[in-house]
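Q: Below are the chains, spelled out letter by letter.
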Amino acid sequence: MKALALAIVVLVGGLLVSATVDFPDWADPNSPASRHVSPRYIEKTMEETSVPNIVTAVLADYRGYDTMFETAVVFTAGVACFLLLRRREPRPGPSRVYRHRATGVIVEMNRVPDKEPSPDVFKRIDDDWTPHDLIVMNVCRLLIPFIQLFALYVIAHGHHSPGGGFQGGVILGASVILMALSWDLRTAMLRMKETATGLMSAMGVFIYAGVGALALALGGNFLDYAALSPLLRVDPVAARSLGIFFVEVGVGLAVMATMVLIYKNLASEGRLDQGL
Amino acid sequence: MLHSITPLLAVLASLAAVPFIILLKGRPNAREAVTFIAAGIKLILVASLLPAVLAGGEVEFTLAKVLPGAPLALRVDAFGLLFALVSSSLWIVTSAYSIGYMRGLDEHSQTRYFCFFAVALSATIGVAFSANLFTMYLFYEMLSLATYPLVTHHQDAEARSSGRKYLFYIMGASIALALPAMIITYQQTGTLAFSPTGILAGKVSPVMAGVLLFMFVFGFAKAGIIPVHSWLPAAMVAPTPVSALLHAVAVVKVGVFSILRIITGIYGVDLLKGLDLGMAVAWVAAFTIIVASLIALSQDGLKRRLAFSTIGQLSYIVLGLALLSPKGMTGGALHIAMHAFGKITLFMCAGAIFVATGKKNISQMTGIGKRMPWTMAAFLVGSLSVIGLPPTGGFISKWYLALGCLQAGSVALLVVLLVSSLLNAAYFLPIVYRAYFKPPVEAAWAEGRNEGPAAAWVPPLVTAACSLVLFFYPQPFLRLAQMAVAQLFGG
Amino acid sequence: MEEYIPLLLTKYNYWVYITLMMIGLWAMIAKNNLVKKIVGMNIFQTAIILFYVSIGAKYGGTIPIIQHGPGHGHGAAQIKALAYINPLPHVLMLTAIVVSVATLGVALALVIKIHRRHRTLEEDEILEQLRES
Amino acid sequence: MSEQYPALIVITPLLAALLVSAAGWLRPRLCFPLALAGLGAAAAAATGLLVQVLATGPVTYRLGGWEPPWGIAYYVDNLNAVVAALVAWVALFNLVASYRAVMTDYPEKIGPYYTLYVLAVTGMLGMVVTGDAFNLYVLLEITSLTGYALIGLGGGRAPLASLNYLFLGTIGASFYLLGVGYLYIVTGSLNMADLAKLLTPLYGSLALLAAFAITLVGLWMKMAFFPLHAWLPNAYGFAPAPTASLLAPLMTKVMVYVMIRIMISVFTVEFVLQEVLVGQLVVWLAVAAMVAGALFALGQRDLKRMLAYIVVAEVGYMVGGAWLGNRLGMTGAVLHLINDAVMTFCVFLAAGCIYQKTRGTSFEDLRGLFKKMPWTMAALAAGAMAIIGVPPTGGFFSKWYLIRGGLEAGHWGFVGALLFSSLINVVLFFRVFEIAFFEPSGGDDSHGGHGGHEEHGGAVALAEAPLSMLLPLMAAALGLIALGLATGPLVQKLILPIIPAGLG
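Residue numbers (the numbering used here), protein chains in the order written: chain P, 1 to 276; chain A, 277 to 767; chain G, 768 to 900; chain H, 901 to 1404.
Watch out, some of these pointers could steer you wrong.
For lysine-lysine, the following PhoX-like pairs were computed, each having C-alpha atoms within a straight-line distance of at most 20 Å [what the hints assert, rightly or not]:
1. Lys-636(A) with Lys-646(A)
2. Lys-44(P) with Lys-847(G)
3. Lys-646(A) with Lys-549(A)
4. Lys-193(P) with Lys-115(P)
5. Lys-2(P) with Lys-847(G)
6. Lys-123(P) with Lys-193(P)
7. Lys-1257(H) with Lys-341(A)
8. Lys-714(A) with Lys-635(A)
9. Lys-549(A) with Lys-635(A)
10. Lys-778(G) with Lys-2(P)
Since the hints were made in silico from the structure, they are not lab data.
With the sequences and hints as input, model every part of the structure.
A: So this is what it looks like as structure tokens:
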């Protein structure tokens, strides 16, 4: 295997190295890539979409179709993890232990209950992970709202500064994952239920594709946000800018929900009751 | 040139019967009625084409233009009609016989049997009516596949190994030899349509022409030329009606007919004569004739002896065609019909004996003439026809073959014909002699006549009678054969 | 030898990416542990991302965000393509990053499934188990 | 509406997938109808597009209204129109057939299963219609990711097979991406038509050759072209039946389509014929694929795995045909792409029907099936005939063109390998048929086990697959014959116009 690997690596590497002779030098402003196609983005973006962040404009408008499927890829990964891992059967174990939240009374059930007691009243405490650390828990609890606020800013301000749906969505998702890490998976699940996660990830992509389809319904081509201008009562350039914002929101939603969904399934081997 | 849908209907008549046969699964009488109706319709349709063809016309129908120069098309000419008439008329007789045989032995899966029989008949008529090599190949393969479940009808170990052999030779040869030969032909000429003057002339080098010819001759392994013959004895595990109609008439004749089409339609007489390829094929056929007859002598199983006899007789046809002389080709074409009537009689007799007594081997049939006089009488007539003695139809075709040898100036081949006729007599007449003139081996046979179910022994009598009639009145087959040959040799 | 030195210096971005990529490829083929293979796969994909991003660079270019502040097309005439780096590779690589993350997720899910069944992630041990059964 | 067909082909299944996913959480019963509606609409749009393209010529569709090469554009000519229609219809039929199988095997995961199913089809359709090299990569990854998940769902060795597929598939897709990157770096464009224009002056450059080589190797990995086929037999062999009958017929064909598209529309045949000097070598690889695929298939004792190896051989047919370097070979490759999708679908679906009833597809499970499942076996026989290449099924005609292409190129190895693989296919399928025909079914104690003649008379209960599986299967089997009979118009009207003039 090692010899084969070496042979392949040398072969492929040789091919790649030999081709670089014809490539432009690093950072050459006159390289074909810098002279064809891309100058238009730089020079016309403001005029055509009124979005200063060219990356955002190209991402969500000029090549918005790519990005829609990119979001779909994220969504696919979430659904795929769910499909592969999720198991409904409870973890085999002798008993379940609950603490009544109000009184602190501990109840042990020998049989798996047909219906879980309401998590608001009873907290399951038979988890076998590390004991809770008060400082970590509370610092995180304090931080999470700010993280989420920042995430919303990143999504919304993607027009003007580095950022956008993907980045903001990841930060949002990370905040939920931080919750699961510092508290526990069940607590995080209380804040963001599995069904809600699944629905949100689908909804995020749906917003994106829906905006595109709406443009199609209004007589434009698919994803031609300019066609939305009669509906939004703004001129086509502003409509493009707004359209980009809508789809970024969709992206953010989908990425956040999918991050959480993947994390939950991976961390608990698909049982979603305990784990990291 | 006449355009009509009749040829297509004639092909489809039996295919259309298949759904009804399946639907009437639970009601055997109704099911067999469907077979008869389809057979009747088919014969009428085929016969209805006769006036037009006898008047010198051809009937055409194009089904789909699948390949440029090689559409899925049907064309009825004299050769094709001759073959179609033989097959469709014998299907009626065999259907009656099938009922007697299958019910007499209480065979399983009769619905499947009748279904595939009908499909096989469609394919046979399709081959007869094909307008080009591609269409013919299509029906040829269809026939190969439709026959497989019939050959392996018994579903036991023997059927399995025979089925394997059958497929190996038939499918293997057609894919490995006939198909590439066909594609090369198409590549060189851009067409596959049969033409009286041939399509290959001037398009291929002599060596290529020779190689292709033998790829075709051996590729159409149904013709049973040695060394691609051994599927035929193996296929004798099939129920006897299958052997009778398919392995004496339809399947093997399809093979021979394919070679006929190759010689007349693809190569053309002039090209073959020019390259001297006719004689080469003729000698291959002659070799097959003699060797098959010699092997037949040593066979004890009646059906196996008949099978080897068939291999020999098929090569008569190939020989006649390969002589490339008008008389010889007439004889070859005519032999398709004459041998069919004779050989089917023999097979049906063998089946009738099996139904009535359960005997398969010749050595067990000593004295059976007492028990089954009519069956053995039919057997005698069939034997005479296959040997080629008057007053049977077989004599006429052999007469033409012999004349053809002389016309082609090959005395050696005439000698082969005569020697093989002697061999034929040597392996058939002793059977008849033993049956009538030797004391029965089984005591019960002396008690008197008991020929089993009428549906099993009447059909051979009918075909035997046909053989006799054909001696005195060989029409319309002779006329068709002569017309077809006349066309080849330019009016 | 000397003519190769400028080649080495002016095109060093390609050498870096090829080296990284080959490291990843090596790991994917030669490593025995499935998770290590996945790590190799990630290096492999990241190398390509690096390659793309390096295409976008321009001497004297800044990040591709128009610096005139918000506005609807005013002053667009002053924007010079040379002043900003090429945004397209960045856009493309955002997609590629997402794809590689998604692939990683699915790969890990599969690995968990495999571990559930075979109780190991060493490829040779898994193959051993499969041969025995 | 008709000018929006290209968009609708992809949007309707995408939206449907999202709705299916939502329904999976809320109303699982709605999943299947939604998926059906989405793929039905896609199939209708694809058919409409095909009709439109045939009537008025190639269609360009600008997504977002941006003109190429700045925006992404679809470019649809006869070739992708017909492949899109094919993909949509096969996926739709398979969807109908998958209903019962998914209900029995994965009742809890209907939602995600159909979500991924429809997404996979979306990705394939997108790949087929797109005219942008990078967009193709994104869609390729969607299809691949869904494929990994749908395969990994199977029991037993499926996850491991899927992970292997994921590794090789990722390498393949990354190579493709890298190849596109090479093209981008030398031209600055990603649009295929634009690339074709910009590349012409660059012929002869090493970078271009490397780009071509890397792209092709990447695609070959994805299509399991010998010797890069190692992932395929396990992945398709262990995949759940409805997955196998979706991916096996479509995935490899779509990749072959992409290869042909890259060969004729991004690079040109002139480039492929004159600059790339390894054309002969590729055809020899194809020969090796056919021979090796056939021989490996002989070694299998499981129907699905046997079929998977046949797919490997079939890929060899198409790649070889496309690389022969003449019109006939290319015609054969495209025609075979169409036929092979239908015939592979037919045989894999038949295997799925068998699995549904016997819970296995190893050769032992096939015993007595002609009695128990006559219709399924009839369809399997029809598919087998097509794979062997018996007229009038479509398989015969594509082989016809391929062999003629081989003859014209004077490549006897290719011709010989085609015939050899046909013969091996006869052996392969009749081995299966023998088992199903001669050997009594094992489970039936009153009849089996004694051998001999008697049990044939005994009535074996008919245990046919459900109608929802049988009808698509029959449609596929009849489709094979219809395709064969339609070869003339197919070649004349559809395929010949798109064969580049540069091919000899």
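Q: Hints first: check each against the structure and report whether it holds.
A: Taking the hints in turn, this is what the structure says about them:
The hinted pair formed by Lys-636(A) and Lys-646(A) meets the criterion: a straight-line CA distance of about 17 Å does not exceed 20 Å. Between the alpha carbons of Lys-44(P) and Lys-847(G) the distance comes to roughly 10 Å, so the proposed pair stays at or under 20 Å and holds. Distance restraint check for Lys-646(A) and Lys-549(A): the Cα-Cα separation of roughly 53 Å exceeds the 20 Å cut-off, and the hinted pair is therefore not satisfied. Taken as a hint, the Lys-193(P) and Lys-115(P) pair is honoured in the structure, with Cα atoms around 16 Å apart against an allowance of 20 Å.
For a cut-off of 20 Å, the pair hint linking Lys-2(P) to Lys-847(G) is broken: about 51 Å separates their Cα positions. Between Lys-123(P) and Lys-193(P), the direct Cα distance comes to roughly 16 Å. Compliance with the 20 Å bound is thereby established for this hinted pair. Proximity of Lys-1257(H) to Lys-341(A) is assessed by CA-CA distance (about 40 Å); at most 20 Å being required, the pair is judged violated. Between the alpha carbons of Lys-714(A) and Lys-635(A) the distance comes to roughly 17 Å, so the proposed pair stays at or under 20 Å and holds.
As the CA atoms of Lys-549(A) and Lys-635(A) are separated by approximately 48 Å, the hinted pair breaks the 20 Å bound. For the proposed pair Lys-778(G) and Lys-2(P), the alpha carbon gap of about 30 Å is over 20 Å, so the pair is violated.
Consistency with the previously given hints fails for numbers 3, 5, 7, 9, 10, ordered from lowest to highest.
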